[in-house]
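Number of protein chains: 2
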Amino acid sequence: MKRYRNGEIWDFEHDVNMVAAAHCNGGKNDSKFLNYGVNGRKVILGIDGGTTSTVCICIPLIPFTQPLPDPLPVLARSVAGCSNHNSVGESAARETLEQVMADALARSASTRSAVEAVCLSVSGVNPTDQHRIINWLREIFPSHVRLFVQNDAVAALASGTMGKLHGCVLIAGTGTIAYGFTEDGREARAAGAGPVLGDWGSGYGIAAQALTAVIRAHDGRGPETTLTHSILDTLNLSSPDELIGWTYADPSWARIAALVPVVVSCADAGDPVANNILHDTVHELASSVRAVVERLELCGEDGKDPFPLVMVGGVLEANRRWDIGNEVISCISGDFPGVLPIRPKVEPAVGAALLAWNFLMRQRHQEALGR
Amino acid sequence: MKRYRNGEIWDFEHDVNMVAAAHCNGGKNDSKFLNYGVNGRKVILGIDGGTTSTVCICIPLIPFTQPLPDPLPVLARSVAGCSNHNSVGESAARETLEQVMADALARSASTRSAVEAVCLSVSGVNPTDQHRIINWLREIFPSHVRLFVQNDAVAALASGTMGKLHGCVLIAGTGTIAYGFTEDGREARAAGAGPVLGDWGSGYGIAAQALTAVIRAHDGRGPETTLTHSILDTLNLSSPDELIGWTYADPSWARIAALVPVVVSCADAGDPVANNILHDTVHELASSVRAVVERLELCGEDGKDPFPLVMVGGVLEANRRWDIGNEVISCISGDFPGVLPIRPKVEPAVGAALLAWNFLMRQRHQEALGR
Numbered sequence: 007m008k009r010y011r012n013g014e015i016w017d018f019e020h021d022v023n024m025v026a027a028a029h030c031n032g033g034k035n036d037s038k039f040l041n042y043g044v045n046g047r048k049v050i051l052g053i054d055g056g057t058t059s060t061v062c063i064c065i066p067l068i069p070f071t072q073p074l075p076d077p078l079p080v081l082a083r084s085v086a087g088c089s090n091h092n093s094v095g096e097s098a099a100r101e102t103l104e105q106v107m108a109d110a111l112a113r114s115a116s117t118r119s120a121v122e123a124v125c126l127s128v129s130g131v132n133p134t135d136q137h138r139i140i141n142w143l144r145e146i147f148p149s150h151v152r153l154f155v156q157n158d159a160v161a162a163l164a165s166g167t168m169g170k171l172h173g174c175v176l177i178a179g180t181g182t183i184a185y186g187f188t189e190d191g192r193e194a195r196a197a198g199a200g201p202v203l204g205d206w207g208s209g210y211g212i213a214a215q216a217l218t219a220v221i222r223a224h225d226g227r228g229p230e231t232t233l234t235h236s237i238l239d240t241l242n243l244s245s246p247d248e249l250i251g252w253t254y255a256d257p258s259w260a261r262i263a264a265l266v267p268v269v270v271s272c273a274d275a276g277d278p279v280a281n282n283i284l285h286d287t288v289h290e291l292a293s294s295v296r297a298v299v300e301r302l303e304l305c306g307e308d309g310k311d312p313f314p315l316v317m318v319g320g321v322l323e324a325n326r327r328w329d330i331g332n333e334v335i336s337c338i339s340g341d342f343p344g345v346l347p348i349r350p351k352v353e354p355a356v357g358a359a360l361l362a363w364n365f366l367m368r369q370r371h372q373e374a375l376g377r
Numbered sequence: 007m008k009r010y011r012n013g014e015i016w017d018f019e020h021d022v023n024m025v026a027a028a029h030c031n032g033g034k035n036d037s038k039f040l041n042y043g044v045n046g047r048k049v050i051l052g053i054d055g056g057t058t059s060t061v062c063i064c065i066p067l068i069p070f071t072q073p074l075p076d077p078l079p080v081l082a083r084s085v086a087g088c089s090n091h092n093s094v095g096e097s098a099a100r101e102t103l104e105q106v107m108a109d110a111l112a113r114s115a116s117t118r119s120a121v122e123a124v125c126l127s128v129s130g131v132n133p134t135d136q137h138r139i140i141n142w143l144r145e146i147f148p149s150h151v152r153l154f155v156q157n158d159a160v161a162a163l164a165s166g167t168m169g170k171l172h173g174c175v176l177i178a179g180t181g182t183i184a185y186g187f188t189e190d191g192r193e194a195r196a197a198g199a200g201p202v203l204g205d206w207g208s209g210y211g212i213a214a215q216a217l218t219a220v221i222r223a224h225d226g227r228g229p230e231t232t233l234t235h236s237i238l239d240t241l242n243l244s245s246p247d248e249l250i251g252w253t254y255a256d257p258s259w260a261r262i263a264a265l266v267p268v269v270v271s272c273a274d275a276g277d278p279v280a281n282n283i284l285h286d287t288v289h290e291l292a293s294s295v296r297a298v299v300e301r302l303e304l305c306g307e308d309g310k311d312p313f314p315l316v317m318v319g320g321v322l323e324a325n326r327r328w329d330i331g332n333e334v335i336s337c338i339s340g341d342f343p344g345v346l347p348i349r350p351k352v353e354p355a356v357g358a359a360l361l362a363w364n365f366l367m368r369q370r371h372q373e374a375l376g377r
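Residue numbers (the working numbering), protein chains in the order written: chain A, 7 to 377; chain B, 7 to 377.
Just chain A, same shape as in the assembly (with noise of 0.2 angstroms):
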């Protein structure tokens, strides 16, 4: 096999088939065996590439023909700093993506003559990306590998329906977006602008919003609210006016929807004004799950259809007494009964290894069928 960019990176590899030769046939060294780790087992590599981190998963390639395990066997699972380009550049996030994959492989004592598929899931990709990060990983894998760059959205789903693009994604944390998928291929989103193209359910949108109250509250355009005492405090600062400066001095989203649990108190303790928001960021999200539902028409005609509905995110996760998760699925029932909520037990990269393995599986029966 050629070396690639980085060799160093790959050196465990020399080490994983000296010890699958010592293994196999006392020693003689087999080729066949050599090429898929110590024990001849074909593996998936799901990697989640978040703005934050990115974690990699191993997980063993299962049979076509068996239902999927549960729980799922994980080899190994590796965590790397944030491997999103647009945020840090090009060769740094392809350093961090290479190095994550192969720290995954060495603790699965595999080498990449074992991968059998590839999929990352990136925020925000769009086609020219795609294209582009499928060219670096081809870098990196030998020709038989299958390679999948896709959205973190599609991922999210794949964590919930075990791989089966089928149903809605809602994705809350920092950012929110809706992602839905038919069986036949077709998809649909909402929200997933950003903060200046309205995303007002998104944590960064929950926290703006009770920043803005507080703002308002000061100056008198808006009501008292224990948000003031609770933000000012929180943040260590002794005005509103304070606020000003706090919020302009960092562009980081996240920094912002760090805020989410002070809203989430406040409501919890009856203020309404903070309550107003949380039923607001209620209405936003299930106005998003709302219009993908409804483009595609997930529930059916009669509406009453069953679909899943993947929720990813802080925001819609431990909650207190005011679960926003719970209140956006009451919600959704409202207009779509057949609606199945799901919360994924599974993190996002072993969703991308899932989704990995039903493209494997698709591909395989339409060769079956020899198309």
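What the hints contain is simulated information worked out from the structure, not anything from laboratory work.
Each hint can be trusted.
Where chain A lies over chain B, by a calculated footprint (3+ residues, C-beta under 8 angstroms):
| hint | segment |
| --- | --- |
| 1 | 185 to 198 |
| 2 | 220 to 233 |
| 3 | 253 to 266 |
Chain B is nowhere near these chain A residues, computed Cβ spacing over 12 angstroms in every case:
| hint | residue |
| --- | --- |
| 4 | 142 |
| 5 | 281 |
| 6 | 323 |
| 7 | 344 |
Quick reminder that beta carbons are idealized off the backbone N, C-alpha and C, glycines included.
Position chain B against the provided structure of chain A, taking the given hints into account.
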């Protein structure tokens, strides 16, 4: 007089002094006249230090016993680039300020010794900034020159009230703020906290709502609107999806706010979505004014006292059938029948000069009373 920083900027003063010497006493050097420019005239400098340009106005010092003439005599006007230190850095800002003041004095055939007072208006200035900027100016001017640094809202009010600090000013350009002052020196503000903190009545706010409406119509969350075609056409884009890239390609708020005329055109042509955005804008702007007027009791105890409302900025001017400024006035008139709307006939730099004149007059008055 000592030589100041960037001495060459002030070389013209030598020529002015020579001309003055030649004019007076048949060329006999007369130090009194020499210090006062060509004709012994004392002057005031008013400067509007904006983020796009800096304007400096030189007016003669009108005797305090006379009413201000209308129109006000302006000796010179000079223009330079941005002098906002937050935007271009301290050293570039200082140089721009010094250059624009030197130009105005040279065009007035005056020197720094003829200057009685300088008033510089800067957007979003805080006490720390004020102190620092006064120190810059102190390095340029002889010690007898009175120096004032004020928020741009103060100069905007003065541009409508001929320098008197009483009433409310509403600014709505790229950003928005309402500022109010009472005759006994109290002040209050509303809004002006920037786009993240709810300045929805600003040009940026109007345009961001319009862009959001296009995204919502596109993904099925909102009604169709003619804003889609008009905005895409203006920006030379082919699909609402491309708006996302366009929006985040450049963090300039003014670039987004430049879409306001498109929104007004669509509203003029009857588009309900554009009309709603402008009605919300009127409501937001009126609520800022109302908050300031109520906190300062500018309308008196019975709510009917007269008070000036100075209206400044692109959002409040130059509209067509849909006139945001007029709508705000009619909204405010309903609450406060004593409101006296003023659209300033002079620019903010003149307002700054008038402010300096008023400060000087008040000081002389207090000196005359032996305080």
